[in-house]
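> Sequence:
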Amino acid sequence: MHRLFVAIRPPADIRSRLLGLMQGVKGARWQDDEQLHITLRFIGEVDGRQAEDAAAVLDSVRASPVSVAVAGVGSFGSRGRTNAIWAGVRPHEPLAHLHRKIDQALVRTGLEPERRAYLPHITLARFGRESGGVEAFLADHAGLASPPFEIAAFGLYESHLGHEGASYALVQRYLLS
Numbered sequence: 072m073h074r075l076f077v078a079i080r081p082p083a084d085i086r087s088r089l090l091g092l093m094q095g096v097k098g099a100r101w102q103d104d105e106q107l108h109i110t111l112r113f114i115g116e117v118d119g120r121q122a123e124d125a126a127a128v129l130d131s132v133r134a135s136p137v138s139v140a141v142a143g144v145g146s147f148g149s150r151g152r153t154n155a156i157w158a159g160v161r162p163h164e165p166l167a168h169l170h171r172k173i174d175q176a177l178v179r180t181g182l183e184p185e186r187r188a189y190l191p192h193i194t195l196a197r198f199g200r201e202s203g204g205v206e207a208f209l210a211d212h213a214g215l216a217s218p219p220f221e222i223a224a225f226g227l228y229e230s231h232l233g234h235e236g237a238s239y240a241l242v243q244r245y246l247l248s
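Mind the numbering: the sequence shown is residues 72 to 248 in our numbering, read in order.
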């Protein structure tokens with residue numbers, strides 16, 4: 072089985088800037104440089120044939136390169152508990168458009184369509200049962216902003232879960248044209 076997702080790697084200077092923010096929150100499992108990405112579509116567990124079909128169909132996705140910037144921070148949670156903190160990416164619409172194209176292509180291979188609302192972001196930290204200081208972190212970095220950067224490609228990644236968290240391997244890269 073293969074655990075796959077489609078994502079964009081921000082440029083090294085953007086990743087470095089985000090890594091510099093990662094401190095001061097109790098219970099945070101901060102992402103490392105290799106884990107920083109903007110998810111376009113989570114695929115999940117698939118067999119070898121489905122993985123090959125996904126890799127092939129993504130080559131048919133056509134979209135123009137887009138310019139985006141990091142903008143603000145936020146958190147995801149459930150039942151009053153924070154699960155993750157993230158940096159936002161704006162504008163949303165060009166990435167949402169690319170997300171829809173990728174989703175439509177993957178549905179043609181027999182995968183279920185994405186049902187969750189799409190919010191472009193870069194996960195900075197994940198949390199287990201314990202978290203603290205999230206509100207202070209969010210307030211301190213609410214004005215986070217980066218210069219615009221161009222996205223000219225996306226990739227299909229495989230996720231390997233381990234004791235130290237997830238590691239990601241690029242399966243295939245696709246240029247936007």
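Just so you know, these hints were derived from the structure itself, not from any lab.
Bear in mind the structure is a predicted one, so any value in this text is a computation, not a measurement.
It is possible that some hints are incorrect.
[Said to hold, decoys possible] Ranges of calculated distance between the beta carbons of each label pair, as one might list FRET restraints:
(1) LEU241 <-> MET93: 30 to 36 Å
(2) LYS97 <-> GLY119: 28 to 34 Å
(3) LYS97 <-> GLY233: 22 to 28 Å
(4) ALA240 <-> SER131: 19 to 25 Å
(5) GLY214 <-> GLY98: 35 to 41 Å
(6) ALA216 <-> GLY115: 31 to 37 Å
Glycine included, every Cβ here is placed at the ideal spot set by N, Cα and C.
> Take the hints in turn and mark each one as holding or not.
Do the hints match the structure? See the list:
| no. | hint | verdict |
| --- | --- | --- |
| 1 | LEU241 <-> MET93: 30 to 36 Å | violated, 23 Å |
| 2 | LYS97 <-> GLY119: 28 to 34 Å | violated, 41 Å |
| 3 | LYS97 <-> GLY233: 22 to 28 Å | holds, 23 Å |
| 4 | ALA240 <-> SER131: 19 to 25 Å | holds, 23 Å |
| 5 | GLY214 <-> GLY98: 35 to 41 Å | violated, 24 Å |
| 6 | ALA216 <-> GLY115: 31 to 37 Å | holds, 33 Å |
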